[in-house]
Amino acid sequence: AGLLFGIDRTTKLLYAADPAAGKFVAETALSSPPDYVRFVAPIGEVWVTEPRSHRIERFSVGTGDHVSLSKMGFIDVPGGPESLVVDAKRGRAYTNLWTDHTLAIDLSSAAVVASWPNTCAGSRGLAMDEERGYVLVGCEEGKAIALDAGNDGKIAGRFGFGSGVDIIGFNPVLRHLYLPGAQSATLAVILVRNDGLLLKLGEFPTVADAHCVTSDDLGQIWICDPDHGQILMMKDGYRGSGDK
Numbered sequence: 001a002g003l004l005f006g007i008d009r010t011t012k013l014l015y016a017a018d019p020a021a022g023k024f025v026a027e028t029a030l031s032s033p034p035d036y037v038r039f040v041a042p043i044g045e046v047w048v049t050e051p052r053s054h055r056i057e058r059f060s061v062g063t064g065d066h067v068s069l070s071k072m073g074f075i076d077v078p079g080g081p082e083s084l085v086v087d088a089k090r091g092r093a094y095t096n097l098w099t100d101h102t103l104a105i106d107l108s109s110a111a112v113v114a115s116w117p118n119t120c121a122g123s124r125g126l127a128m129d130e131e132r133g134y135v136l137v138g139c140e141e142g143k144a145i146a147l148d149a150g151n152d153g154k155i156a157g158r159f160g161f162g163s164g165v166d167i168i169g170f171n172p173v174l175r176h177l178y179l180p181g182a183q184s185a186t187l188a189v190i191l192v193r194n195d196g197l198l199l200k201l202g203e204f205p206t207v208a209d210a211h212c213v214t215s216d217d218l219g220q221i222w223i224c225d226p227d228h229g230q231i232l233m234m235k236d237g238y239r240g241s242g243d244k
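Heads up: the sequence shown at position 178 corresponds to 178 in the numbering used here, and the numbers run straight through without jumps.
Hints were generated in silico from the structure; no laboratory data involved.
Predicted, not measured: the structure shown is a model, and the values here were computed from it.
No incorrect hints appear here.
List time: in silico DSS-like cross-link candidates among lysine-lysine, alpha-carbon distance up to 25 Å:
1) Lys-12 x Lys-23
2) Lys-23 x Lys-71
3) Lys-12 x Lys-71
4) Lys-200 x Lys-154
5) Lys-154 x Lys-89
6) Lys-200 x Lys-235
Computed spacing ranges between beta-carbons, pair by pair:
7) Asp-152 x Trp-98: 20 to 26 Å
8) Lys-12 x Leu-201: 37 to 43 Å
9) Phe-39 x Lys-12: 14 to 20 Å
10) Ser-70 x Arg-90: 23 to 29 Å
Just so you know, even glycine gets a beta-carbon here, dropped at the ideal spot from N, CA and C.
Please model the complete structure; the sequences and the hints are all you need to start from.
Written as structure tokens, this is what we have:
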């Protein structure tokens, strides 16, 4: 409990860190170059995407006298995987193929159980509105899609903006989706309504190659600026509960 998990793309290692102790407490080798790492809380596993090998590698987490990371096997994802989010409420995880589909994975069986068209030319980032069951997809060409996980992945909303979209973000309190454009140097703030429709609230200028975004519980938006080795912070002053 209270562990952080991270990957080193250069050494191809998976680490478990104890932030209270300020040190790494376990490490293990990955089978292929990694991309995303996620802790899958309902089953106590860590999943790491390995797109060059078209699979997700699974690890169990031992938390007895000594923390351990043990290989559990793989989930094959031909044509992917790109991005990864966990939906504990529905017992599923979601990942993209590189083109126009999003896959649903059952956590208990670690098997792909559904493939949903998302209309992307290039599927990239994912975010999860777990409370209302919307899987939010970022399309590289400049588009956001809301898939209804409770309705077999039916498209509930879509919105086009910017270009070079990659890692998107979602604030579950404000119910705002953040859509960064690395090529357009823009960030759109989008309201996710209760019915899944996506409505633009506003936009911010960013910088070239600012392709990733996250947010916090203080209404702040954090955007990566890899070309300058820094992180940009913007204040989300837009409001909206999504009930319109």
